[in-house]
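Asker: Protein chains in written order, with the working numbering: chain E, 1 to 357; chain V, 1 to 357; chain D, 1 to 357; chain U, 1 to 357; chain P, 1 to 357.
It is worth saying that the hints were derived from the structure and are not from the lab. As the structure is a computational prediction, the values presented were derived from the model and not from experiment. Be aware that one or more of the hints could be misleading.
To list a few chain E residues with every Cβ distance to chain P over 10 Å, as calculated [stated by the list, open to error]: (1) K14; (2) D95; (3) H101; (4) H102; (5) D106; (6) E120; (7) F268; (8) G315; (9) E326; (10) D328; (11) M337.
Mimicking DSS-like on lysine-lysine, the simulated pairs with C-alpha atoms at most 25 Å apart in a straight line are [what the hints assert, rightly or not]: (12) K169(V) <-> K352(E); (13) K14(P) <-> K292(U); (14) K14(P) <-> K354(U); (15) K355(D) <-> K354(V); (16) K14(V) <-> K81(V); (17) K207(U) <-> K222(P); (18) K64(D) <-> K81(D); (19) K222(P) <-> K171(U); (20) K354(D) <-> K171(U).
All residues carry an ideal CB built from backbone N, CA and C; glycine is no exception.
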Amino acid sequence: MSIRKNQIKSKIGKPPGSLIFVGEKNIDKTVLTLTEYDEESYDSRVIKSFKELESLHINNKSRKIRWLNVNGLQNVELISKIGTLLGIHSLNVEDVLNSYHHPKADFFDNGIFIVMKNFEMKEDKRLSDEQVSFFLGENFLVSFQHNPEVDTFNPIYERIENGKNVFRKSKADYLLYVLLDFILDNYFLVVEELGEQIDDAQGVLLKNPTTEDLMRIQTLKKYIQKIRQAASPLRDILNSLLRRDSALINEETIIYLRDTLDHQIHIFENLETLRDSLTTMLDIYLSSINNKMNEVMKVLTIIATIFIPLTFIVGIYGMNFKHMPELDWKFGYPIVMAIMIAIAVSLVWYFKKKKWL
Amino acid sequence: MSIRKNQIKSKIGKPPGSLIFVGEKNIDKTVLTLTEYDEESYDSRVIKSFKELESLHINNKSRKIRWLNVNGLQNVELISKIGTLLGIHSLNVEDVLNSYHHPKADFFDNGIFIVMKNFEMKEDKRLSDEQVSFFLGENFLVSFQHNPEVDTFNPIYERIENGKNVFRKSKADYLLYVLLDFILDNYFLVVEELGEQIDDAQGVLLKNPTTEDLMRIQTLKKYIQKIRQAASPLRDILNSLLRRDSALINEETIIYLRDTLDHQIHIFENLETLRDSLTTMLDIYLSSINNKMNEVMKVLTIIATIFIPLTFIVGIYGMNFKHMPELDWKFGYPIVMAIMIAIAVSLVWYFKKKKWL
Amino acid sequence: MSIRKNQIKSKIGKPPGSLIFVGEKNIDKTVLTLTEYDEESYDSRVIKSFKELESLHINNKSRKIRWLNVNGLQNVELISKIGTLLGIHSLNVEDVLNSYHHPKADFFDNGIFIVMKNFEMKEDKRLSDEQVSFFLGENFLVSFQHNPEVDTFNPIYERIENGKNVFRKSKADYLLYVLLDFILDNYFLVVEELGEQIDDAQGVLLKNPTTEDLMRIQTLKKYIQKIRQAASPLRDILNSLLRRDSALINEETIIYLRDTLDHQIHIFENLETLRDSLTTMLDIYLSSINNKMNEVMKVLTIIATIFIPLTFIVGIYGMNFKHMPELDWKFGYPIVMAIMIAIAVSLVWYFKKKKWL
Amino acid sequence: MSIRKNQIKSKIGKPPGSLIFVGEKNIDKTVLTLTEYDEESYDSRVIKSFKELESLHINNKSRKIRWLNVNGLQNVELISKIGTLLGIHSLNVEDVLNSYHHPKADFFDNGIFIVMKNFEMKEDKRLSDEQVSFFLGENFLVSFQHNPEVDTFNPIYERIENGKNVFRKSKADYLLYVLLDFILDNYFLVVEELGEQIDDAQGVLLKNPTTEDLMRIQTLKKYIQKIRQAASPLRDILNSLLRRDSALINEETIIYLRDTLDHQIHIFENLETLRDSLTTMLDIYLSSINNKMNEVMKVLTIIATIFIPLTFIVGIYGMNFKHMPELDWKFGYPIVMAIMIAIAVSLVWYFKKKKWL
Amino acid sequence: MSIRKNQIKSKIGKPPGSLIFVGEKNIDKTVLTLTEYDEESYDSRVIKSFKELESLHINNKSRKIRWLNVNGLQNVELISKIGTLLGIHSLNVEDVLNSYHHPKADFFDNGIFIVMKNFEMKEDKRLSDEQVSFFLGENFLVSFQHNPEVDTFNPIYERIENGKNVFRKSKADYLLYVLLDFILDNYFLVVEELGEQIDDAQGVLLKNPTTEDLMRIQTLKKYIQKIRQAASPLRDILNSLLRRDSALINEETIIYLRDTLDHQIHIFENLETLRDSLTTMLDIYLSSINNKMNEVMKVLTIIATIFIPLTFIVGIYGMNFKHMPELDWKFGYPIVMAIMIAIAVSLVWYFKKKKWL
């Protein structure tokens with residue numbers, strides 16, 4: 001958290017478009033993957049240097065669709081040069097580098113810029129999020145990712161290679177749709193996983209939860225909130241793609257994007273249900289604790305109410321006064337015992353009447 | 001749940017329109033029922049093979065209204081072929097097969113596609129939901145259901161047979177309306193049933209609820225949420241039918257659809273009331289537990305406060321010190337007894353004053 | 001509730017406009033009252049038979065305003081014939097007969113159909129609601145009520161008789177306004193009554209409430225919700241009357257309807273305040289119970305903490321060991337007493353410091 | 001409350017515009033104050049009779065601005081005659097007399113009618129509200145107040161007298177603005193006062209609150225709700241003044257009214273913050289009670305857990321059995337004491353480990 | 001608070017535009033800083049007297065951009081003269097002086113007036129807010145701040161000096177954007193800081209919180225509410241700048257302002273998450289207290305339930321009755337001991353079964 005605050009501090013007072021990387025700096029590599037395809041051919045290769053990239057003239061309208069995936073954003077200078085090369089506005093390059101940016105879409109004459117989050121539920125039940133940015137130009141798409149160690153988009157490469165009928169006949173906007181839809185499918189998975197974790201948490205709550213278990217509920221709520229905030233602007237982004245007559249979005253892609261919008265709505269509803277569940281869960285848990293405590297208190301009260309008076313009575317006859325006539329009575333002991341049994345029985349009867357037993 | 005997650009996982013990275021069945025696979029049969037009717041005639045029969053279906057040329061505009069009910073969606077290949085045959089978009093066929101789809105309506109030039117949920121409250125108080133999809137073409141309607149064991153639409157066949165005056169004079173859009181309205185009537189029933197279950201739950205809460213009873217409230221809340229999420233998009237669906245000048249919706253059907261919209265609003269309000277009831281119920285329950293606990297505590301405190309000091313006093317005179325002058329006093333015993341009675345009486349008076357007794 | 005569910009069940013799968021009475025069937029009579037008036041004359045009489053009604057040709061535009069009040073809706077056949085006679089759509093006749101219908105207004109070329117609820121707070125603090133429907137045609141108005149035993153509209157007859165200056169100069173839409181406003185005034189009364197009951201409930205809560213008192217709060221919440229759901233669509237109904245250029249609503253009536261809309265808003269706000277009050281009341285009640293319990297616990301703890309250790313000490317010297325030197329000491333008894341007084345005093349001091357005393 | 005219900009009852013079934021006073025009747029006087037001013041002159045005097053008022057022809061457009069303040073509304077006949085004289089619609093006169101009316105603005109060709117609430121926080125921390133109505137005509141303004149004992153508008157007279165530069169050069173709409181703004185300034189004061197009372201209530205809650213203190217919170221919540229409901233329609237009223245091209249609102253006044261709208265927004269936000277504070281306050285209070293109770297319970301449990309077993313042990317050796325070998329042991333007494341010390345020490349160690357000590 | 005109420009009181013009944021300083025009066029100095037720049041030159045100097053300012057003719061359109069920063073607003077007369085000199089509306093000058101004003105933007109022919117809040121988290125974790133106002137004219141900008149001791153805008157001067165490429169080529173609207181963005185960056189910092197404080201508060205809550213710690217949560221909630229109320233109108237302000245074709249906002253600045261709007265949305269979402277966290281935190285805390293109390297109660301109940309009956313039994317044989325046959329039995333003592341062990345063992349078994357142990 002402190003790192004993040006410092007990074008924010010260091011940006012204050014800087015001019016807009018100041019290119020500073022804001023995020024967890026851990027990996028220093030940048031991998032550029034260029035994929036070219038059309039109906040007949042498909043090729044995917046790693047670009048070694050910026051020189052090589054420059055010589056490709058990606059934003060010169062070519063017959064082939066070209067997709068450049070930039071993975072690893074620590075090298076600010078390189079990212080900035082790529083931005084300039086492909087005609088991305090400096091403010092958008094700043095957005096690419098700031099890994100805490102709000103999802104959004106910007107429309108320009110030469111392209112559409114989109115920032116969004118990709119989520120993954122890690123093995124240790126931590127929710128990890130990665131920022132992914134897209135710039136769709138005429139016949140090309142650039143995507144920016146943070147972690148060059150992980151190749152999130154691997155299944156997409158396969159789909160392009162195999163997608164002779166639809167995919168490779170379509171324009172670059174179809175590629176954008178596929179990537180958006182792919183990320184939203186990850187949302188689905190994460191939401192399902194959250195649902196299972198919430199069911200687990202409920203099981204634990206009903207047994208004997210520790211403070212850590214209670215804190216887990218807060219963590220789950222935060223995760224739900226996080227995904228909601230990432231998923232909510234997607235509705236606007238998708239609607240703006242659906243509505244706007246940007247020449248880059250083709251008529252044929254609209255129906256696919258509408259399908260993606262349906263998914264977004266579905267994810268949102270599931271999150272709503274999960275959030276509701278967590279709130280009710282806490283209420284029910286509180287009720288159930290108090291209910292159990294009530295049971296415990298009744299046991300204590302019954303035992304104490306029966307035996308405390310009796311103990312007092314036996315205490316009386318344990319006193320050492322010289323002059324206590326009852327002690328000398330022949331039937332003193334059985335009489336006292338009988339009185340005590342009578343008291344105990346009537347108290348038990350009283351508790352039965354009060355429905356405590 | 002785990003099955004569902006795997007199904008979702010298996011869809012990630014697949015092209016759109018990938019036809020994979022997502023749902024609880026348990027029944028492998030598909031029953032195709034074709035109903036043909038016009039003012040003069042009515043006929044309903046089971047179609048044996050896809051060949052037979054193909055030869056019917058359902059989407060060739062015929063004089064008669066034709067309704068094909070497809071029950072059982074495990075046979076993905078068959079469903080896919082039916083979709084292609086009738087001109088249903090591959091994305092919509094995908095929606096038909098994904099039994100967790102969000103209710104929606106899609107409008108095409110050649111038809112209207114609708115997905116929605118049908119609910120039933122089972123004998124064991126479980127809410128079961130089934131996804132039902134419709135495709136309305138010119139003079140024909142296709143409906144898709146999941147469970148070929150159960151013939152949900154039986155009452156509709158009767159209505160067509162008997163409905164010489166209105167039903168059989170109307171177009172296929174009237175059939176669509178009848179099916180929508182029929183499903184919404186099931187919502188009514190389920191909501192009424194939920195209302196009764198909530199009343200039962202309230203009765204249990206006031207007695208001696210177990211943790212399972214408390215969990216039942218959460219289950220009821222989830223059911224209400226589930227129906228809300230299924231009923232909520234129906235407003236949009238109905239409004240889009242009412243507004244859109246799709247040539248497939250006739251002027252005469254509009255007034256009926258408006259009536260269905262009224263029902264949707266009524267269902268929604270009832271759900272709102274039920275949800276409100278559940279929340280208040282939990283609050284009142286929590287208050288009532290704490291109130292009872294307060295009563296229990298008072299009894300314990302009164303008994304303990306009266307007898308603990310007295311037991312201490314009798315303990316003093318049970319000590320075996322050689323030199324305790326009081327023990328030898330003639331009236332030592334009655335004096336101590338009198339003192340103890342005085343203490344008990346004043347404590348009772350004190351509790352009366354404090355309104356604890 | 002069960003009756004209602006059966007009635008709903010019996011409607012499922014029936015064609016729209018199937019005329020089945022849905023409500024609490026208890027009274028079998030139908031009373032038809034016809035009121036005719038214009039500037040010069042006023043007459044109100046009971047219609048004996050449907051024949052007589054038919055011969056009146058109510059929907060033939062006459063010079064006089066004619067108001068037909070149909071009270072008692074068990075006779076489905078009669079209601080249906082009246083509907084057909086006056087040109088009411090069969091779906092609306094169905095609405096008239098279904099006493100659980102949502103308030104709404106339908107606009108037709110030949111008239112305006114309105115359904116709404118009328119409320120009354122009974123002597124036993126039960127909220128009773130009755131459905132009232134109106135059909136406004138040119139120069140006539142039909143109203144439908146459920147209970148022929150009670151003449152809700154009596155004050156209106158008087159107002160027509162006395163209202164030479166405004167009422168009897170106005171058209172039928174003014175009569176509709178008067179009836180709507182009259183019903184809304186009943187809402188006011190009921191809301192005031194609810195306010196008083198909530199104040200009473202609060203008084204009870206602060207004393208020693210039973211579970212029944214807590215349930216009363218839930219009932220009051222349900223009543224508020226019920227009235228809200230009945231009052232809320234009135235805004236839309238009134239707005240649609242105010243906006244729509246239905247030739248049946250005259251310019252002069254608009255200002256009166258706007259006044260009625262003001263009343264609706266006021267009622268809604270009062271309900272909002274009452275609902276808020278109930279929620280806060282429960283919160284405060286919960287706090288106050290726990291606060292009282294805290295007081296009780298402190299008393300118990302103070303008494304137990306002081307006397308339990310002392311009782312232990314006296315117990316020690318009550319042991320019968322042969323070799324206990326203290327027992328033989330001359331000042332053993334006063335020393336032990338002094339030690340115990342010291343312990344008691346320091347505990348009291350400790351509790352004072354902790355502000356428990 | 002009961003008075004109010006009766007007044008409402010007496011209005012039911014009465015024709016609209018029936019002039020009945022609805023409010024707390026306590027003062028029977030009506031004071032008419034006429035203020036005339038223009039750039040050169042200023043005069044303010046009391047009008048003695050309706051005759052005198054009639055002779056002034058206030059709504060004949062004069063060169064001077066004329067402001068008639070009607071204070072005291074018991075005299076229904078007089079108010080009604082004033083209404084007719086100045087061209088106020090009978091429904092609006094009814095609104096003036098009904099002191100429970102919802103704030104609103106009505107626009108007519110001959111004027112603008114406004115109803116609103118004025119608040120004052122009394123010495124005894126009761127919130128008093130007064131209804132104030134305005135009718136703005138061409139070059140005149142009539143204001144209606146309920147309490148002739150109090151001259152709320154005194155500071156305004158001074159401002160007119162001193163306001164040669166702006167005030168007396170402006171039209172009657174400026175006077176209306178000044179009065180609206182003056183009343184909103186009172187809202188500010190009341191909201192500040194409520195803020196202070198809420199801070200006080202918080203201080204009390206943290207100490208040792210009585211049920212009355214808890215009820216105070218509910219009262220404060222009701223006050224906030226009351227002011228919200230009075231302030232909320234002011235936004236619409238002001239917006240309608242700002243938008244509508246009623247010839248009575250001059251271009252120059254618009255900027256002042258926009259300023260008043262800013263104030264309304266600010267008041268609303270403060271109320272929102274206060275409401276939020278009260279809710280959180282109750283939650284925190286509940287947590288803090290339970291926390292304190294937990295502390296109390298721990299003390300009780302520690303004391304009881306240590307001494308109850310020890311008391312049992314000393315009880316054993318207090319038994320009078322003939323054959324108890326331990327009693328005759330030479331070191332029986334010290335051994336038992338040592339065992340008891342060991343038990344006490346290990347329990348203390350156990351509680352330390354559990355962090356209860 | 002009391003000072004503020006008096007200041008509000010003193011304004012009531014005053015004419016609009018009455019220039020009274022409303023805020024915490026502590027510093028009496030006013031520092032005027034004039035910064036002039038264009039592509040070639042940059043100069044920043046302190047203006048000594050109003051005379052000097054007058055002679056500059058700031059609002060005469062010059063080639064250079066001129067920025068006047070007025071720091072310290074106690075000198076009402078001076079501020080008023082500056083306002084008149086630069087053509088600021090008297091109502092806006094009043095807004096500048098009232099440090100409790102709601103953020104807003106007013107558009108005039110000669111300029112745009114903006115009021116907003118700047119926040120800072122002090123060392124002692126108090127949130128301090130300062131009101132900042134801007135007036136953008138043609139080629140000049142005036143800014144008003146409250147505290148001449150602190151030079152908030154220092155980093156901006158540096159940016160102008162260094163910003164030869166973009167900043168000094170842009171118009172005055174770019175300067176306005178930079179200042180708005182600079183203030184919003186401070187919001188980011190404060191929100192991050194609040195996030196850290198909330199995390200700290202959570203840690204404390206899980207240990208052993210005092211009432212002060214609970215109050216801290218309320219304070220944090222108030223801070224969040226305060227920033228929300230300051231940030232919320234910024235959306236409208238920015239949107240009005242983006243939409244309005246005020247000639248003062250240039251096409252090139254629009255994209256920067258849109259970026260600032262993104263920041264506003266991001267801040268708002270973070271605040272939403274923080275608010276949610278605080279609410280859940282309190283719920284979880286309440287649950288965890290009650291859970292702990294339950295544990296404590298169980299210990300007490302187990303100990304008491306086992307030993308209270310046993311103590312009663314040993315009490316019986318401590319009675320001094322002459323005729324108690326058991327006391328003389330040879331195995332009386334071991335038999336009683338065995339019975340007591342049996343009771344203890346069965347109680348422990350009972351508690352194990354009840355899962356209390």
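Asker: Name the hints, by number, that the structure is in violation of.
Answerer: Failing hints, ascending: 1, 2, 3, 4, 5, 8, 9, 10, 11, 12, 13, 14, 19, 20.
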